[in-house]
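2 protein chains.
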Amino acid sequence: MNSISLVCFLLWTGASSFKFEELTQYVNTHEEEFIETLRKWVAVESDSSDVAKRPDLHRMMDMTAEKLRLIGGTVQMIDVGTQASPNGSTIALPKVVTAQFGSDPSKRTVCVYGHVDVQPAKKEDGWATEPYELTDIDGNLYGRGASDNKAPVLAWIHTVEVYKALNIELPVNVKFIIEGMEETGSNGLDEMIEDQKDIFFSDVDYIIISDCVWLSKRPALTYGTRGNCYFFAQVEGPKKDLHSGVYGGTVIEPMTDLIGILDKLISPSGEILIPGIREAVAHLSDEEWKMYQDIEFDMESYKKDIGMDKLMYSNKVDLLAHRWRHPTVSIHGIEGAFSSTGTKTVIPAKVIAKFSIRQVPKMDPATVEKQVTEYLRSVFAKRKSPNKLNVTMVIGAKPWLADPTHPLFEAGKAAVKRVFGTEPDLIREGGTIPIARTFQDVTGKSIIMLPIGGFDDGLHSQNEKISRYNYIEGTKLFIAYLNEVSQIKKY
Amino acid sequence: MNSISLVCFLLWTGASSFKFEELTQYVNTHEEEFIETLRKWVAVESDSSDVAKRPDLHRMMDMTAEKLRLIGGTVQMIDVGTQASPNGSTIALPKVVTAQFGSDPSKRTVCVYGHVDVQPAKKEDGWATEPYELTDIDGNLYGRGASDNKAPVLAWIHTVEVYKALNIELPVNVKFIIEGMEETGSNGLDEMIEDQKDIFFSDVDYIIISDCVWLSKRPALTYGTRGNCYFFAQVEGPKKDLHSGVYGGTVIEPMTDLIGILDKLISPSGEILIPGIREAVAHLSDEEWKMYQDIEFDMESYKKDIGMDKLMYSNKVDLLAHRWRHPTVSIHGIEGAFSSTGTKTVIPAKVIAKFSIRQVPKMDPATVEKQVTEYLRSVFAKRKSPNKLNVTMVIGAKPWLADPTHPLFEAGKAAVKRVFGTEPDLIREGGTIPIARTFQDVTGKSIIMLPIGGFDDGLHSQNEKISRYNYIEGTKLFIAYLNEVSQIKKY
Chain U
532 MNSISLVCFL LWTGASSFKF EELTQYVNTH EEEFIETLRK WVAVESDSSD
582 VAKRPDLHRM MDMTAEKLRL IGGTVQMIDV GTQASPNGST IALPKVVTAQ
632 FGSDPSKRTV CVYGHVDVQP AKKEDGWATE PYELTDIDGN LYGRGASDNK
682 APVLAWIHTV EVYKALNIEL PVNVKFIIEG MEETGSNGLD EMIEDQKDIF
732 FSDVDYIIIS DCVWLSKRPA LTYGTRGNCY FFAQVEGPKK DLHSGVYGGT
782 VIEPMTDLIG ILDKLISPSG EILIPGIREA VAHLSDEEWK MYQDIEFDME
832 SYKKDIGMDK LMYSNKVDLL AHRWRHPTVS IHGIEGAFSS TGTKTVIPAK
882 VIAKFSIRQV PKMDPATVEK QVTEYLRSVF AKRKSPNKLN VTMVIGAKPW
932 LADPTHPLFE AGKAAVKRVF GTEPDLIREG GTIPIARTFQ DVTGKSIIML
982 PIGGFDDGLH SQNEKISRYN YIEGTKLFIA YLNEVSQIKK Y
Chain W
532 MNSISLVCFL LWTGASSFKF EELTQYVNTH EEEFIETLRK WVAVESDSSD
582 VAKRPDLHRM MDMTAEKLRL IGGTVQMIDV GTQASPNGST IALPKVVTAQ
632 FGSDPSKRTV CVYGHVDVQP AKKEDGWATE PYELTDIDGN LYGRGASDNK
682 APVLAWIHTV EVYKALNIEL PVNVKFIIEG MEETGSNGLD EMIEDQKDIF
732 FSDVDYIIIS DCVWLSKRPA LTYGTRGNCY FFAQVEGPKK DLHSGVYGGT
782 VIEPMTDLIG ILDKLISPSG EILIPGIREA VAHLSDEEWK MYQDIEFDME
832 SYKKDIGMDK LMYSNKVDLL AHRWRHPTVS IHGIEGAFSS TGTKTVIPAK
882 VIAKFSIRQV PKMDPATVEK QVTEYLRSVF AKRKSPNKLN VTMVIGAKPW
932 LADPTHPLFE AGKAAVKRVF GTEPDLIREG GTIPIARTFQ DVTGKSIIML
982 PIGGFDDGLH SQNEKISRYN YIEGTKLFIA YLNEVSQIKK Y
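Chains as they are written, first to last, in the numbering used here: chain U, 532 to 1022; chain W, 532 to 1022.
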C-alpha cells in the first residue's frame, strides 16, 4: 500500500465510523443545557465599543478560555496590546483566546474564527426584551450577540464538546481563534495573525468563519464579501460657526458646497457617477446569472423586512448582483452641521460628509481613492468656491472571494445535505468581513464562511435573535462538517 | 397762549433745562459702580435654554425687579405660565418684569424692552475667561450676556437712576418690559403683550429695543430686521436604519434623495432657485443704494472677523443688501443621519434636513411655505423615488421695517450727535428679532432699535464682551435720547 492509498484507506475508515446519529442525539438531549450556556454568555455586556464595559469584555474572554479548557483544549490568551481611550489614556485590549484540540499530523487541521464581543444595545433603543437577558419567544432566542456571534461560537465549542463527551475521536484537529474587538475593527488582530503565521497557523489547513447569516430559510455557504472604501469629504469655510441671520447672504456656505458635491456622486436611480468605478467591475457572466437565478430569495420578504414597497431593482438576479458583486455608494451623514432635534440658525463653519463605496473584485482601493478624490476636486473646482475641500479615504478594505467549487465548499454542501436534506445556496455577503481577506493574504490558507444564523436575525439591530432551530441544527451541521472535511484528500 | 403754543413752550423749557453735563458727569464718576452691577448680573447663569438653570433665571428676574424697585419704579412681575420640560413635566416660565417711572400725561411715554436671559456658555467651548466671571481685558468686559443683553438693560436702568440720584425730573415717562426667555423664543411673551395691549401699553408712545449691535465703530440706529421661515424636509424610506454593506445597492437611500433636493435650493453662487422667492423682493432703489454707500463698513475687517478671503459679493452695497434686504437660504444640518466623529456604515432610514430662508419686506411666510413645499415636491417627484418626502415650515417670522425718517429716528440721530459727535449709520439687521414685529402688529406703536453693543461683541459666540466705552457712553446716549424724545411734538 503506497502512502496515498494509505491515506485514502484511513479516510474511508474514518468516514465509515462516523457516529452521526449518536453525536446528534447528544445535541438533542443537551439542547436546554446549550441554551443555558448561551444565556450566560449573552448576559455579559461585552460591548467592545464602550471602554466603560471593558471589564465585562475581559470577563467574556476569560469565560471563553475557561469553557475551552474545561473540554480539554490547550488554551492560550494572547496579549494584543492597548488602545487609546477617549480620555487620552490607554486601555488594555481584550486578549485573543486560542485553543487547540488534537495535533495528529495525519489529520486535517481546521481553525475556527469567531468573536464574543457585541454591538451596543439598550432597551430604550426599541428592544421588546431586555437585550442582555436571553428571552425565548416562540422558539426565537432574543438577546444582543445571540446570533452575532455568541451562538455560532458556542455551537463550534459544543461540537468539540459532544465528541469529547461521547469519547469519540475528533476526525480533524480543531483550533480556535476567538477575539473580542470584532465590532470595532478587530484592533490588534492583524498583527497577531502576522506574528502567529508560522506558529499557530503553521499546521492549519482551512479557516472557517461562521460570522454571517443565511440568505433565506435555506442554509447557505458564503464564498465572497464586498470590501469598503470609506471617505471623509470636508468643506471648511469661516473660522467659526456663524449666525445665519447675521451672516447669511454674505458668505458661500460650506454646507451648500458639500451638498453640491455629494449630489454628484450618484444618480437618482443609484448609478455611480464617479468616472472609472463601474468600468472596473467584471460583467455578470451567464454562469453567474444562472447561479443567482437558482438561489432561494424572496423579494417580497426582503421588502417586508426593510419596509419598502419598491427596491432599486425589480428582479432577483439584478438585486442580488447589486447587493454582492457591484459597488455601491452610501452617504452616511455629515459631521459638524446641526443634527439635533429642533431648530438652530447656524451656518456651520466646517462640515465633513461620511460616505463609502463597497468594493468588489477587480476594484483596487488605491485606484478608487484616486478616482474619488480627483472627481470631487474637479466638481468642487467648478463651483469656484472660496471654501476649502479636503477628501480623505479612512478605510480601504478589499473584497474577499473564494472558489465555491473548492473541496472546502463541497464538504459544506455534503454536510448541509446530511443535516438539512437540501442543497445550500452559494451566496456572497454585501458587507465586509476584513478578517477573511487578512487570513487569506497573510496565511495563504483556504477559507470558508459557514453561517448558521437566520436571514432575519437582525445583527446590529434592535431585537437581535437566533432561533433554537438554527442554534441546535447549526451545531449538528458543524459536527457533520468536521467529518466531511476530514475526508478531503491530502495531496 | 393756545394749547399747541403751551405744549411748545413746555417742550422748549424742557430742552433748555436739559442738564446733560451734570447727568453724564454722574455716569463718569459712577463707572466702576455700574461695572460692578454688571459683574453681579453676569455672574448669574440665567441660561433660559437649560431647565436645570431655571432657579438662576428666576433669581435674575428677581434681581432685575429689585433693582428697578430700588430706584423708585412701580414694579410688577407678571406670570406668563409654564413650559414643558424635557422629562415631560411642566416648569414655570420666568416672570416678565414690568416697571413704570412717571405717568405725567403731558410727557411722552417710552417703553424699553430688554432681556436678562443668556445663551449657554461653558469654558470648554473655547472661552479665554470664565464665561460667568466678568473679566476686564484692555477695556473689554468679557462675560456671557455682557452685550446680549445685560449691559444694555443696565444702561437703561442706570439712565433712570442717574436722573433720580441727581433729583432731576425725567423728561419722559419710562416703562420697562424685561423678559427672561428671549434666547429660546420668548415663550409666553406674545400672549402677555396681547393681554396688556390696552393696559400696560395704553399710554406708551414708543418702544425702544437695544438688543442689537453697531455695524462698525460708528454708532448706529437700526430700522429693520429680516424675518425667517424655517423648514424641515424629511425623507423617509426603510422602516429601520440599514447596514450599508448588507443592503447597499438594493434600496434607494433617503440620504441620496435628500441631498438631491437640497442641492436644488441654491446655485453655487448663492442664487435662490425656488421660483417666486427672488421675484417678490423689491429692487434696490437709487436712494437706498446711496444710503448703503454712505454707511461705514469695512469689508476687510468683516472678512478678517469671520476668516474668509472671499465673500459672496465683492462690493459693500451688494454685500450689505444681501445681508439685510435680500432673502437667503442656509442649510443648517441633517437630523437622523450619522453625525458623530469616526465611521459608521449605516443607511439612515429617516433623515430631516433643516434649512431656513430669511424674509424681507414684500415676502409673505405663507406664500414662501407654499413656494418651497411645491418646488421641493416637484423636484422630488422627478427622482421617481419610492421614499416619502414631507416638507413642513416650523417657524414663519415676518421681517420688521421702520421708517428711518420717523421723528423717533431723528431723535436718535440728535442723541448720537450729542454724545459721539458724529452721525449714526442707519442700518438693518440680517437676523430676526420677532418681538419687534409683535410689538408693531399688536400695539401699533412706533419702534426704534437703539444699539450700544459693538460690532465685534460676539453675541452667541465664545468670548462675548462689551467694551467699557460702549457701556458707559451708551448710558450717556440713552440719557441724551430720552431728552430728544421728550421734544417730539405731540399732535
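Derived from the structure by calculation, the hints contain no laboratory data.
Keep in mind that the hints are not guaranteed to be accurate.
Since the list gives no way to pick one copy over another, a pair counts as held whenever it fits inside one copy or between any two copies.
Said to hold, decoys possible - Pairs of lysine to aspartate or glutamate residues, derived as EDC-like cross-links and limited to a Cα-Cα distance of at most 20 Å, are as follows:
#: 1; residue 1: Lys770; residue 2: Glu831
#: 2; residue 1: Lys976; residue 2: Glu819
#: 3; residue 1: Lys881; residue 2: Glu576
#: 4; residue 1: Lys875; residue 2: Glu661
#: 5; residue 1: Lys695; residue 2: Asp825
#: 6; residue 1: Lys944; residue 2: Glu655
#: 7; residue 1: Lys771; residue 2: Asp836
#: 8; residue 1: Lys847; residue 2: Glu819
#: 9; residue 1: Lys728; residue 2: Asp610
#: 10; residue 1: Lys875; residue 2: Asp934
#: 11; residue 1: Lys901; residue 2: Asp817
#: 12; residue 1: Lys915; residue 2: Asp840
#: 13; residue 1: Lys653; residue 2: Asp581
#: 14; residue 1: Lys944; residue 2: Glu562
#: 15; residue 1: Lys919; residue 2: Asp836
#: 16; residue 1: Lys748; residue 2: Glu905
#: 17; residue 1: Lys875; residue 2: Glu900
#: 18; residue 1: Lys915; residue 2: Asp593
#: 19; residue 1: Lys875; residue 2: Asp581
#: 20; residue 1: Lys821; residue 2: Glu564
#: 21; residue 1: Lys948; residue 2: Glu827
#: 22; residue 1: Lys821; residue 2: Glu563
#: 23; residue 1: Lys847; residue 2: Glu818
#: 24; residue 1: Lys821; residue 2: Glu562
#: 25; residue 1: Lys821; residue 2: Asp849
#: 26; residue 1: Lys948; residue 2: Asp972
Hint-by-hint comparison with the structure:
In this assembly of identical chains, the alpha carbons of lysine 770 and glutamate 831 lie at most 20 Å apart only when taken from different copies (15 Å versus 51 Å within one copy). With identical chains, the CA atoms of lysine 976 and glutamate 819 are never at most 20 Å apart, being 25 Å at best within one copy and 78 Å at best between copies. In this homomeric assembly, lysine 881 and glutamate 576 never come within 20 Å of each other (Cα to Cα): the closest approach is 36 Å inside a single copy and 29 Å across copies. Taking the closest pair of Cα atoms, lysine 875 and glutamate 661 never come within 20 Å of each other, the shortest separation being 35 Å inside a single copy and 24 Å across copies.
Taking the shortest alpha-carbon separations for lysine 695 and aspartate 825, neither the intra-copy value of 39 Å nor the inter-copy value of 94 Å comes in at or below 20 Å. With identical chains, the CA atoms of lysine 944 and glutamate 655 are never at most 20 Å apart, being 41 Å at best within one copy and 60 Å at best between copies. Within a single copy, lysine 771 and aspartate 836 get their C-alpha atoms only as close as 43 Å, which misses the 20 Å cut-off; across copies the closest is 9 Å, which meets it. For the identical chains of this complex, lysine 847 and glutamate 819 are intra-copy neighbours only, at 13 Å inside a copy versus 65 Å across copies, given an alpha-carbon limit of 20 Å.
Proximity of lysine 728 and aspartate 610 under a CA criterion of 20 Å is satisfied intra-copy only: 16 Å inside one chain copy versus 75 Å between copies. When the C-alpha separation of lysine 875 and aspartate 934 is checked against a cutoff of 20 Å, the pair qualifies neither within a copy, at 54 Å, nor between copies, at 30 Å. Taking the closest pair of Cα atoms, lysine 901 and aspartate 817 never come within 20 Å of each other, the shortest separation being 32 Å inside a single copy and 52 Å across copies. Within a single copy, lysine 915 and aspartate 840 get their C-alpha atoms only as close as 41 Å, which misses the 20 Å cut-off; across copies the closest is 13 Å, which meets it.
In this assembly of identical chains, the alpha carbons of lysine 653 and aspartate 581 lie at most 20 Å apart only when taken from the same copy (12 Å versus 26 Å across copies). For the homomeric pair lysine 944 and glutamate 562, neither the shortest alpha-carbon distance inside one copy (25 Å) nor that between copies (90 Å) is at most 20 Å. In this assembly of identical chains, lysine 919 and aspartate 836 lie within 20 Å of each other by CA distance solely across copies; the values are 18 Å between and 42 Å within a copy. Taking identical chains as interchangeable, the C-alpha atoms of lysine 748 and glutamate 905 are never at most 20 Å apart, the minima being 44 Å within one chain and 45 Å between chains.
In this assembly of identical chains, the alpha carbons of lysine 875 and glutamate 900 lie at most 20 Å apart only when taken from different copies (18 Å versus 35 Å within one copy). When the C-alpha separation of lysine 915 and aspartate 593 is checked against a cutoff of 20 Å, the pair qualifies neither within a copy, at 58 Å, nor between copies, at 54 Å. Proximity of lysine 875 and aspartate 581 under a CA criterion of 20 Å is satisfied inter-copy only: 15 Å between copies versus 30 Å inside one chain copy. With identical chains, the CA atoms of lysine 821 and glutamate 564 are never at most 20 Å apart, being 43 Å at best within one copy and 88 Å at best between copies.
Taking the closest pair of Cα atoms, lysine 948 and glutamate 827 come within 20 Å of each other only inside a single copy of the chain (16 Å); across copies the shortest separation is 86 Å, beyond that limit. In this assembly of identical chains, lysine 821 and glutamate 563 lie within 20 Å of each other by CA distance neither inside one copy nor across copies; the values are 42 Å within and 88 Å between. In the homo-oligomer, the alpha carbons of lysine 847 and glutamate 818 lie at most 20 Å apart inside one protomer (15 Å), although the nearest pairing across protomers, at 68 Å, exceeds that limit. Proximity of lysine 821 to glutamate 562 under the C-alpha cut-off of 20 Å is found in neither arrangement, the shortest distances being 39 Å within a copy and 88 Å between copies.
For the identical chains of this complex, lysine 821 and aspartate 849 are intra-copy neighbours only, at 12 Å inside a copy versus 64 Å across copies, given an alpha-carbon limit of 20 Å. For the homomeric pair lysine 948 and aspartate 972, neither the shortest alpha-carbon distance inside one copy (31 Å) nor that between copies (80 Å) is at most 20 Å.
Hints 2, 3, 4, 5, 6, 10, 11, 14, 16, 18, 20, 22, 24 and 26, counting from the list given before, are not met by this structure.
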